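Undergrad: We have chain B; now place chain R onto it with these hints.
Here are the chains, one letter per residue:
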Amino acid sequence: MYRDLLLVAPELFLTLASLVLLLWAAWGGDKAAKAISWVAVACLAAAAFLIPAETGADAVAFAGLVTSDLFAGFSRVLIYGAAAVALLAAAGWFGRAGDYKAEYPVLVIFSAIGMGLMVTASDLLTLYVGLEMQSLSAYVLASFQRSDARSAEAGLKYFVLGALASGLLLYGISLLYGFTGSTMFGDIATALGSPAEEGIEMGRLFGIVFVLAGLAFKVSAVPFHMWTPDVYEGAPTPVTAFFASAPKVAAMALLVRVAVEAMGPVADAWQQIIIFMALASTILGGVAAIGQRNIKRLLAYSSINNVGFALVGLAAGGQAGASSVLFYMTVYIVMTLGSFLVVLRMRDADGEPVESIASLSGLSRTRPGLAAAMAVFMLSLAGIPPLFGFWPKFVVFEAAVRADLVWLAAVAIATSVISAFYYIKIVKIMYFDESAPAFIKEREPIGAALILAAALAVSPLGYLAIPYLTPLTDAAAASLF
Amino acid sequence: MNQLDFPILSLMLAIPTIAAVACLFVSASAARAIALGATLVDLALGILLWATYDVGGAQWQFVEHVDLFGRFAWALGIDGIALMLIMLSVFLMPICILASAAIKDRVQEYMTWFLITEVLMLGVFMAQDIFLFYIFFEAGLIPMYLIIGIWGGANRIYAAYKFFLYTLLGSVLMLIAMLWMVNYAGSTSIPVLLNTDFPAEAQTWLFLAFLASFAVKLPMWPVHTWLPDAHVQAPTAGSVILAGVLLKLGGYGFVRFSLPMFPEASNQLFWLMMGLSLVAIVYTSLVALVQQDMKKLIAYSSVAHMAFVTIGLFAFNRQGIEGGLIVMLSHGLVSGALFLCVGVVYDRMHTREIDRYGGVANNMPAYAVLFMLFTMASIGLPGTSGFVGEFLSMLGAYQAHSLVAFIAATGIILGAAYMLLLYWRIAFGTARTPEAAAMRDLNPREFLFMAPIAAVVLWMGVYPESFMAPMRKDVGILVERIARAAPAGDAQLTAGTPRPAADAHVAPGAAEGHDTPAPTGAEEAH
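Going down the list, the protein sequences come from chains B and R. So for the first sequence, this note's numbering puts the first residue at 1; every next one is plus one. So for the second sequence, this note's numbering puts the first residue at 1; every next one is plus one.
Just chain B, with the same shape it has in the complex (with noise of 0.2 Å):
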């Protein structure tokens, strides 16, 4: 018993935290909210010191409930990571207008614990608890902003979309379990491994689906994405860099987990799914991203562009594919953060947020350094070497092609020519174009330190930690097999 409990430290030491946290919020008002965030920052920081490296038998905890192994590890990595960046980058953001809550902290952590849970689930219903989790702070997060139309909608339509998207997975975790007779991950795969009657095969194959369209749903991937664009207009900006990264690395990650853990058997089943999934993404990621004029919006259609390319290294299957779909989120997180600190600094000379695209032309005349480093994220999720952001994607189609997958890896790599074209707007606005009114300049030595660290790192000094970078993700995907 202690040992499962060692095994899930980071989620109790984040829980016990967070109630703390809940209470000081109470007593303490909105006047500790900058506070209180620092604190959360400093927990996330301490439950990653408390992830356990255990691998095989030793990860199990609670008799396969819960599987705590480097997989899980890492992706709790990058999820906190993550989650400390959109609460370093709100206080800033909110501070000003006065209407930054001491809850958002506490939100965050609790979607943080969800999403620790989503990545060590190995039973569906484990699964289930985490992703509720996540998701109900994630709703209300979405709306946070209550006096702002915008976000209300955004709170409402995440929420209504979010509850159909989970009873499509409850209802296949309950097809599953009835033609299976298990809700575990391991027994599944032996059940699902196994021949059956023509009937059965069918209800298993209905599960499938179901289970899938559920996780894509909280992936965003097409066609579950419709939700996408519009949460992310309307949440708060701090919210959707949220939004983009840690629930995208949890999900994908427990995507994984369920594909190779509970239906490794049957992949011919679910590859095809996936590969329609992953061009379907691409595609409509980089069509419908052309028209947008709202920066938060055109990221949208760029996560969905970028989940399509992770959903390729999944459909190449195997250890190598696990192991691509761990690289790409990682540099996805930094790209996509990246961006939208930079879009967090996008104010009018009133201090007032501004979102539409237009506003950047010629950012690169009245704000150098932000318009170079908007520059290198946007080429970097464009995957145009020698910016880190193409690495992501080599690793994506080397597992593709080993898998003998060559023809899907050319088209998803032609996708990307179409995407490529918008990220390339976007550098054209900010470099070619006349300027428009300049941002305010405000002092925000947080902000800037973790732009700068991020331009960093997608740079092509990033391909300097490839050597270190891609043993971790082996070693995570190879605890998965």
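No lab work stands behind these hints: they were computed from the structure. Check each hint, because a few of them may be wrong.
[Claimed, not checked] Residues from chain B that face chain R, not an exhaustive set, calculated with beta carbons under 10 Å:
1. S364
2. F421
3. I424
[Unchecked claim] Which chain B residues stay away from chain R? Per the calculated CB distances, all over 10 Å, these:
4. L5
5. V20
6. L125
7. D148
8. E197
9. V287
10. T366
11. I413
12. A414
13. V417
14. V427
15. K428
16. A438
17. A448
18. A475
From a predicted model like this one, the values you see are computed outputs, not experimental measurements. Using N, Cα and C, we set each Cβ at its ideal position, and we do this for glycine too.
TA: Structure of chain R alone, referenced to chain B:
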């Protein structure tokens, strides 16, 4: 480590990189000085490289290898072909910096991007790891996109998009082919891949994937349409680099990858390559004839000249390949110089329309002389660099198939037509506008950046051996490698008896590499 005991190739990449970063933090005039200094240091290092290159020695020299990136390596090294293209790049760069005096806006950024372009171009020629090659190859898009887009002409944004997306679409498929090859061969090292025999049925696909990339870069008909737009809109120095070096990346790719790695496919697709090249020669020459815009005319002539490169390379014999390589070098110099000539008058008149000029020879005699020299070199007059390359290229093509040589020869006639027409309309007669009559002759700075090119054009035309000697052994290796797939050819040539007198023309130290003296006797005959 190498002949010089220090990593000269890395140093040649590091100096412009550091200078590029430094340019961002200084004043405009200091940025110009830093850029000029860095490119001149690179030129000096390039000369040192050429001087110490062991002609006829090891195939790969100045080799560096550091396992820096885990999955692929920082592996550099050059052979004679790469050496010559590196020399072309480092030679043109200081000229480009000097020719950028008309740039007054955002000078620091401009110099930064030019220096970055130099790093990436040199990196392409030096890379010995296929993925390092790809990164350098692809990365060149970003600086050129910004150079065209920020400092270009009126329609620069359209041209910048077209340049970026065309070349990107071409390149991405090459990456998939590279992944497949590395997966098959189990190594990312280019020298290893060069000696890997890929299955013939896969070669066709791999060849086509590489062709998609190199054909856009070269550019070959019908994917050449980005070039006139990009050239016309780019600033003068941008056009020089685009025509002088970036187009050579495509030709270099054919020599380095397509031919030696996929010889069977090269043979199988012989008529595709020749067909596209011949269409390019005739069609783009005709298009060049009717251009009203000087830069556009030279841009179309570039497409036609680059088609001589592919004709030579895919002739599968020594004359053709050497000819193709010399055309690349010669075209790099000549078209760069022609764009500079256009830039000189453009800076005075701010128009590229041919009809606005005329009678320039009266008031700009020095300019007219240099312009005449480069026009003649572009036509391929004996004694200039253009002749050597095009002649060898057609000699090689004749051995491969006489029809190819026949149609290619018409391109030379058309080339003479459009270039002489251009020269006549600009330099002779009387000025059509008072502004044209009032233009002043070359100033010392302009003379300084045109004269060295003129000297090298004549040097290459009169004594091409200097440039051919370093490449001879590498061409020999290439010819040997592709011999098994060479097409039979319809000309059925029989080699004559080699003339011993030819030895007198061979540079010291190059004689060993000279393994087929019989047909190459022709190249020294003029």
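Undergrad: So which hints don't hold here, by number, going up?
TA: 11, 12, 13, 14 and 15
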